[in-house]
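Chemist: Now for the letters of each chain:
Protein chains: 2
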Amino acid sequence: MGRVAATDGMSLAAVERLQDAGHEVVLQHFSPEELLSGVLSNFDAVVVRSSTKMTSDSIHASRNEAGGIGFIGRAGVGVDNIDLAAASNCGVVVCNTPGASTRSVVELTIGHLIASTRHIPKADRTLRSGEWAKKSLRGSELGGKSLGMIGFGRIARGVGEVASTLGMNLHAFDPYISSDVTESSHCIFHDEVDELFRLCTHISIHCNLSEETQHLVNSDRLALMSGVGADGTPCGNHIVNCSRGGIVDEAAVLSALESGQLSSVALDVFEVEPPGENPLLNHADFHGSPHIGSATLEAQDRVGEEMAGLLIDYFNGIRPSSTIN
Amino acid sequence: MGRVAATDGMSLAAVERLQDAGHEVVLQHFSPEELLSGVLSNFDAVVVRSSTKMTSDSIHASRNEAGGIGFIGRAGVGVDNIDLAAASNCGVVVCNTPGASTRSVVELTIGHLIASTRHIPKADRTLRSGEWAKKSLRGSELGGKSLGMIGFGRIARGVGEVASTLGMNLHAFDPYISSDVTESSHCIFHDEVDELFRLCTHISIHCNLSEETQHLVNSDRLALMSGVGADGTPCGNHIVNCSRGGIVDEAAVLSALESGQLSSVALDVFEVEPPGENPLLNHADFHGSPHIGSATLEAQDRVGEEMAGLLIDYFNGIRPSSTIN
Numbered sequence: 002m003g004r005v006a007a008t009d010g011m012s013l014a015a016v017e018r019l020q021d022a023g024h025e026v027v028l029q030h031f032s033p034e035e036l037l038s039g040v041l042s043n044f045d046a047v048v049v050r051s052s053t054k055m056t057s058d059s060i061h062a063s064r065n066e067a068g069g070i071g072f073i074g075r076a077g078v079g080v081d082n083i084d085l086a087a088a089s090n091c092g093v094v095v096c097n098t099p100g101a102s103t104r105s106v107v108e109l110t111i112g113h114l115i116a117s118t119r120h121i122p123k124a125d126r127t128l129r130s131g132e133w134a135k136k137s138l139r140g141s142e143l144g145g146k147s148l149g150m151i152g153f154g155r156i157a158r159g160v161g162e163v164a165s166t167l168g169m170n171l172h173a174f175d176p177y178i179s180s181d182v183t184e185s186s187h188c189i190f191h192d193e194v195d196e197l198f199r200l201c202t203h204i205s206i207h208c209n210l211s212e213e214t215q216h217l218v219n220s221d222r223l224a225l226m227s228g229v230g231a232d233g234t235p236c237g238n239h240i241v242n243c244s245r246g247g248i249v250d251e252a253a254v255l256s257a258l259e260s261g262q263l264s265s266v267a268l269d270v271f272e273v274e275p276p277g278e279n280p281l282l283n284h285a286d287f288h289g290s291p292h293i294g295s296a297t298l299e300a301q302d303r304v305g306e307e308m309a310g311l312l313i314d315y316f317n318g319i320r321p322s323s324t325i326n
Numbered sequence: 002m003g004r005v006a007a008t009d010g011m012s013l014a015a016v017e018r019l020q021d022a023g024h025e026v027v028l029q030h031f032s033p034e035e036l037l038s039g040v041l042s043n044f045d046a047v048v049v050r051s052s053t054k055m056t057s058d059s060i061h062a063s064r065n066e067a068g069g070i071g072f073i074g075r076a077g078v079g080v081d082n083i084d085l086a087a088a089s090n091c092g093v094v095v096c097n098t099p100g101a102s103t104r105s106v107v108e109l110t111i112g113h114l115i116a117s118t119r120h121i122p123k124a125d126r127t128l129r130s131g132e133w134a135k136k137s138l139r140g141s142e143l144g145g146k147s148l149g150m151i152g153f154g155r156i157a158r159g160v161g162e163v164a165s166t167l168g169m170n171l172h173a174f175d176p177y178i179s180s181d182v183t184e185s186s187h188c189i190f191h192d193e194v195d196e197l198f199r200l201c202t203h204i205s206i207h208c209n210l211s212e213e214t215q216h217l218v219n220s221d222r223l224a225l226m227s228g229v230g231a232d233g234t235p236c237g238n239h240i241v242n243c244s245r246g247g248i249v250d251e252a253a254v255l256s257a258l259e260s261g262q263l264s265s266v267a268l269d270v271f272e273v274e275p276p277g278e279n280p281l282l283n284h285a286d287f288h289g290s291p292h293i294g295s296a297t298l299e300a301q302d303r304v305g306e307e308m309a310g311l312l313i314d315y316f317n318g319i320r321p322s323s324t325i326n
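Sequence order for the protein chains is R and L. Start counting the first sequence at 2; every next residue gets the next number (the numbering used here). Start counting the second sequence at 2; every next residue gets the next number (the numbering used here).
Warning: the hint list may mix true and false statements.
Residues from chain L shown here face chain R by an in silico Cβ test under 8 angstroms; the list is partial [to be verified]:
id	residue
1	Glu108
2	Pro122
3	Arg199
4	Leu200
5	Gly289
6	Asn317
7	Gly318
Here are the simulated distance ranges between beta carbons [stated by the list, open to error]:
id	chain 1	residue 1	chain 2	residue 2	range
8	R	Asp192	L	Leu28	45 to 55 angstroms
9	R	Ile189	L	Lys135	28 to 38 angstroms
10	R	Asn283	L	Pro280	25 to 35 angstroms
11	R	Arg199	L	Ser165	27 to 37 angstroms
Note that these hints are calculated values from the structure, not bench results. Cβ coordinates follow ideal geometry from the N, Cα and C atoms, glycine included.
Chain R with its partners taken away, still in its complex shape:
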């Protein structure tokens, strides 16, 4: 039977499921100093969200002669806060819960797309200030336009399904996609990301942050966008990012909003979070949200369920399905 530390919280249902399977769960947050002092070496596994940083030193401190932790679970998707190389060197399995938040991020992306093209936050802002801005809030439809998706993992596929129902044409760039996906999907795949910017008036980001994708959305690429929809409507150019901050160059999109090259920018993620003083946030055609892509009741419940299942497999000697390293 295993002993699990959940340092950034865990849903009650997940705790109960682990206890029913005979495991012990300790819900307690530890400071970086406590982690370095080896407080986790009395546990068999640790489950973190984004607050707890499992650095190389804290991973080594969590091991001892008897073993210590052999499993690090990330309740969520991004494993930026876990030193994967150090974990692998120590023989520690790292898992995340990649599917749990898919639907939540898909819905937020569609929400941000329509909020952009129909000026929903600006509409509400003017209404609250007593202005009836009906005449100045003319928008455009998503139907008939081309959506360019950078990355075509499960979130992009879900976004594509809804966008297709809305009547959009789908284009994608994903150098890591397998050919069975490209064959089965109603989406045109491109070998060069620049093609998406040339062909699409609406771009949505669905990839990880890496050296390759850092500032992938930059001034040069924004300049390629035509502002004229596939149906001939002068709908302008629109960027949505609900994946990771840093992929969109915030200074570049601000300039493009100012010059009119972009008609809207919607961001759920930022280069620095919280973004602090950032002139982009005050542009009339920008709107944003504070990294709430997976902040739904359903996603959080699924994260817990999925993590409990991964831990039970691990303790039963089965390699957990979402093992990363």
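Add chain L to chain R, keeping to what the hints say.
Modeler: Just chain L now, kept in the frame of chain R:
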């Protein structure tokens, strides 16, 4: 050849199409006094949006011994500004352009639904004010919930298609729907509108304003909503109205927001427009837009195209397809 007055504007493409067919188009707005003085009696047809009010008196003043206007075109859907009985008595044909804005209203409805469940306007508001409200903005997914549509015309059908792709269950109430629609649709139809409120956590309005539908969304019905989604999630109750003001009792939804019976209200239409001083507009869980359902480039272009076609049919002695009276 016909002489057409377009008193609230007309798209250039539509004007050109009418001119190419040999008709004359005068783009000029007339005051109520000018209408009563018979200024339209020199025309064969008039095309209005919502600004020009074709009252009984102004319709009679637009007729003369030689005939005067025989056609009133409403560039849009609602004909509240045209006295249909007076038009019929004078033998004047009244047409609207019912299909032109469908897709635009569908998209805005979906946008308002997601903006409600994911707090998009509030997220943007807090972000602009320098607050990182990630923790307080937990939302819920539309997927797995039941959407109740009041009215099941072409807009509701479009909304249902997208909602279904998002994973929602569809319920509808529409006493005027034909049985071939109810049989072909993936939607459960109810004989009592109260059933929608009992079964659905998300209600969207897609009917006309009439004595029958005035304040149809009232305190008694709101009290029937359970706040627990079809998937068991305590997602709260949500109301969206992109159809006509007056169907939702604004005082009732404000009380329900205050008591927590409603988690969100999103309105594109109001009992009085502009709504002026209205405490509903300042509630944190309300958001709205200034009647922009059909305010897109595409819908306005389609309105013009459709109206030009109706006028050309009329002048050719063909009964226009969207004749209302």
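Chemist: Hint numbers the structure violates, sorted upward?
Modeler: 3, 4, 6 and 7
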